[in-house]
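Can you build the whole structure from these sequences, using the hints too?
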Amino acid sequence: MVKENYIISSCVIRNKTVVKNKKEIFALRTNEVSSFLLEVYHFLKIDYPKFYKMDNLCKLGFLTAEVLLKDENIATFLPEESAIVLTNTHSSLDADLKYFETTKTFASPGLFVYTLPNIVMGEICIRNHFKGENAFFVFEKFDAGFLEKYVAGLLNDKVNQLCICGWVDIFREDYTAVLFLTGKNKKDNSPVFSKASMENIFNNIR
Amino acid sequence: MKEAFIIGHNIVSPLGNTTAENFSSLLKNISSVKQHVNPGINEEPFYASLFDEGQFITNHEYTKFEQLLMASISKAVEQVDINLRNEKTLLIISTTKGNISLLETGPFNESMEQKISLNASAKKIASHFQLQHNPVVVSNACISGVLAILTALRFIHAGIYENVVVTGADVISKFVYSGFQSFQALSNGICKPFDKNRDGINLGEAAATIILSSHPKKEMDGETHAGNIKVLSGAVSNDANHISGPSRTGDELSWCITKSLHDANLSPADIDFISAHGTATLYNDEMESKAIASAQLSLPPVNSLKGYYGHTLGAAGLIESIISIESLTQNTVIPTMGFREMGVSNHIHIIDKIMHIPLQHCLKTASGFGGCNAAVIFSK
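Residue numbers (our numbering), protein chains in the order written: chain A, 1 to 206; chain B, 1 to 380.
FYI, nobody ran anything at the bench for these hints, they're computed from the structure. Treat the hints with care, as some may be off.
What the hints assert, rightly or not - Coverage of chain B stretches by chain A, computed from C-beta distances (three or more under 8 Å per stretch; other residues unrestricted):
#, stretch
1, 236-244
2, 251-263
3, 319-331
4, 349-361
Unchecked claim - Under the rule of at most 30 Å between Cα atoms (straight-line distance), these lysine-lysine pairs were calculated in the BS3-like manner:
#, chain 1, residue 1, chain 2, residue 2
5, A, K141, B, K123
6, A, K141, B, K64
7, B, K34, B, K230
8, A, K45, A, K20
9, B, K124, A, K141
10, A, K3, A, K187
11, B, K230, A, K3
12, A, K50, A, K23
13, B, K217, B, K230
14, A, K104, B, K34
15, A, K70, A, K53
16, B, K380, A, K195
17, A, K70, A, K187
18, A, K98, B, K124
19, B, K218, B, K88
20, A, K149, B, K88
21, A, K20, A, K187
22, A, K70, A, K195
23, B, K230, A, K98
24, B, K380, B, K34
25, B, K88, A, K141
26, B, K34, A, K149
27, A, K158, B, K380
28, A, K184, B, K2
29, A, K187, A, K45
30, B, K64, A, K195
31, B, K123, B, K217
32, A, K20, A, K141
33, A, K149, B, K28
34, A, K186, A, K50
35, B, K64, B, K34
36, A, K3, B, K123
37, A, K3, A, K50
38, A, K98, B, K115
39, A, K184, B, K88
40, A, K104, B, K115
We treat Cβ as the ideally placed atom computed from N, Cα and C, and that holds for glycine.
So, in structure tokens, the structure goes:
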């Protein structure tokens, strides 16, 4: 039997703005993407030196997940019960171009590792001790219908309790991250996990 | 829950353009890994498994990556009686770097960005085969191929699609070669998985396709095909330890294996052989041996096919699955080319000779950058 799942929290980072559960929590007017991501890091008062080593895709995904999980009581779940399913359109092209530049002189292993889009999931897993299902898919645009089917399938398995899913995309100065924390247990006002509720949040419909 | 049958498959590699040609080369112990002189990829001569320079050349219509996928898909769909245009048919593409070699051909501009885009490739292939749905692209490092099979399995189990064509490819160019070289991960000869003297991987080019269906393959007379192989179960995990090095314990891969066994209602004793990832790096093979041993699988024969094909990245999980499926059909386990002396600390049964034994269940594993692990079980 397929049970209902819920969107426990959501976080959107785009247009120099950070939104949690549809409420703006941080905004900055004029800045390029690297400094914006650093400002968000400082705003969140995180002390995590690994952040500075990450490429921009990982920084964006990492910060979105930080906001998404903040104040959510997820410590009760086992690492193996916590999954991540992410999608985007540019894959790791932002890091690919930066790495490719270094091949003309001295190829950088520190940059090469970021030329895979799933590394952002690895960073989120390390930070939050998520050890469950992982998957990274590339689509032309946000495909809530696909995520609904794939993630509902995962949550239908009795092991999987929690899943971070959504979209983390960056290429040069253009970026959008929209993540959903989904699970089997309802919180106050949690929307049902569905294509429509993900699209509402993605498209900023209040 | 619907069952998932494997009704067709193909491998296009330097060893041949069909599964049969590939399997017969492996039976003869032929490797496609050899020394190449190609300054476009590396200034010094290097070992890899590459197509001849005249094969699959990017033209104005299709890139090399797209041509590889199309060649493999065409050969696989020839074997089956499914309607690709049906709304219950999905295509899944597995790749790590797709068209990235195009960066080496000229300045990066909008037209190149469009050509490199995995979505653009997916659309071209969908339109070539007249598919209704846009293909799903899986890009999850070295587990991409196994994850693509598991994605198909889940959609078939849930009854969302009836037929899924799972295909994958990667192209080796300076971009990928220099990256693995910068990690000092490349071997100076044919790689030696699980061996005491292993010194790194070989890179390889290939494409492969597996067609899964909720309907078993039929014989000409309408009877169900006796040789139908099923995908039973599988799982994915993350080490949550390091982005470019594997788990120190192997517990997370071991968890994947145990969960796959549990979901298939099998015990470790039911597994007749294991197709490992076996990249021939120090750390991967050591981690894998720990994972396999702690999943109580020290007894069944284990192989790695990296000595035959090199590491074909997004195609690897598919190629190694197809060879395993062919092994189940022929009751023949392919040995581990390059393996001589045990070089991992946990006892597992790496084989270096062909084994002809009755086979029913096979476990395939994979691990990759980002700390990802995957396992899948095939059965007849």
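Hint check results:
no.: 1; hint: 236-244; verdict: holds (count 9)
no.: 2; hint: 251-263; verdict: holds (count 3)
no.: 3; hint: 319-331; verdict: violated (count 0)
no.: 4; hint: 349-361; verdict: violated (count 0)
no.: 5; hint: K141/A <-> K123/B; verdict: holds, 13 Å
no.: 6; hint: K141/A <-> K64/B; verdict: holds, 25 Å
no.: 7; hint: K34/B <-> K230/B; verdict: violated, 34 Å
no.: 8; hint: K45/A <-> K20/A; verdict: holds, 16 Å
no.: 9; hint: K124/B <-> K141/A; verdict: holds, 16 Å
no.: 10; hint: K3/A <-> K187/A; verdict: holds, 16 Å
no.: 11; hint: K230/B <-> K3/A; verdict: holds, 27 Å
no.: 12; hint: K50/A <-> K23/A; verdict: holds, 28 Å
no.: 13; hint: K217/B <-> K230/B; verdict: holds, 11 Å
no.: 14; hint: K104/A <-> K34/B; verdict: holds, 26 Å
no.: 15; hint: K70/A <-> K53/A; verdict: holds, 22 Å
no.: 16; hint: K380/B <-> K195/A; verdict: violated, 37 Å
no.: 17; hint: K70/A <-> K187/A; verdict: holds, 15 Å
no.: 18; hint: K98/A <-> K124/B; verdict: holds, 27 Å
no.: 19; hint: K218/B <-> K88/B; verdict: holds, 19 Å
no.: 20; hint: K149/A <-> K88/B; verdict: holds, 14 Å
no.: 21; hint: K20/A <-> K187/A; verdict: holds, 15 Å
no.: 22; hint: K70/A <-> K195/A; verdict: holds, 24 Å
no.: 23; hint: K230/B <-> K98/A; verdict: violated, 43 Å
no.: 24; hint: K380/B <-> K34/B; verdict: violated, 35 Å
no.: 25; hint: K88/B <-> K141/A; verdict: holds, 22 Å
no.: 26; hint: K34/B <-> K149/A; verdict: violated, 44 Å
no.: 27; hint: K158/A <-> K380/B; verdict: holds, 26 Å
no.: 28; hint: K184/A <-> K2/B; verdict: holds, 24 Å
no.: 29; hint: K187/A <-> K45/A; verdict: holds, 26 Å
no.: 30; hint: K64/B <-> K195/A; verdict: violated, 36 Å
no.: 31; hint: K123/B <-> K217/B; verdict: holds, 28 Å
no.: 32; hint: K20/A <-> K141/A; verdict: holds, 22 Å
no.: 33; hint: K149/A <-> K28/B; verdict: violated, 44 Å
no.: 34; hint: K186/A <-> K50/A; verdict: violated, 33 Å
no.: 35; hint: K64/B <-> K34/B; verdict: holds, 21 Å
no.: 36; hint: K3/A <-> K123/B; verdict: violated, 34 Å
no.: 37; hint: K3/A <-> K50/A; verdict: violated, 38 Å
no.: 38; hint: K98/A <-> K115/B; verdict: holds, 18 Å
no.: 39; hint: K184/A <-> K88/B; verdict: holds, 28 Å
no.: 40; hint: K104/A <-> K115/B; verdict: holds, 22 Å
Checked against the numbered hints given earlier, the structure breaks hints 3, 4, 7, 16, 23, 24, 26, 30, 33, 34, 36, 37 and satisfies all the rest.
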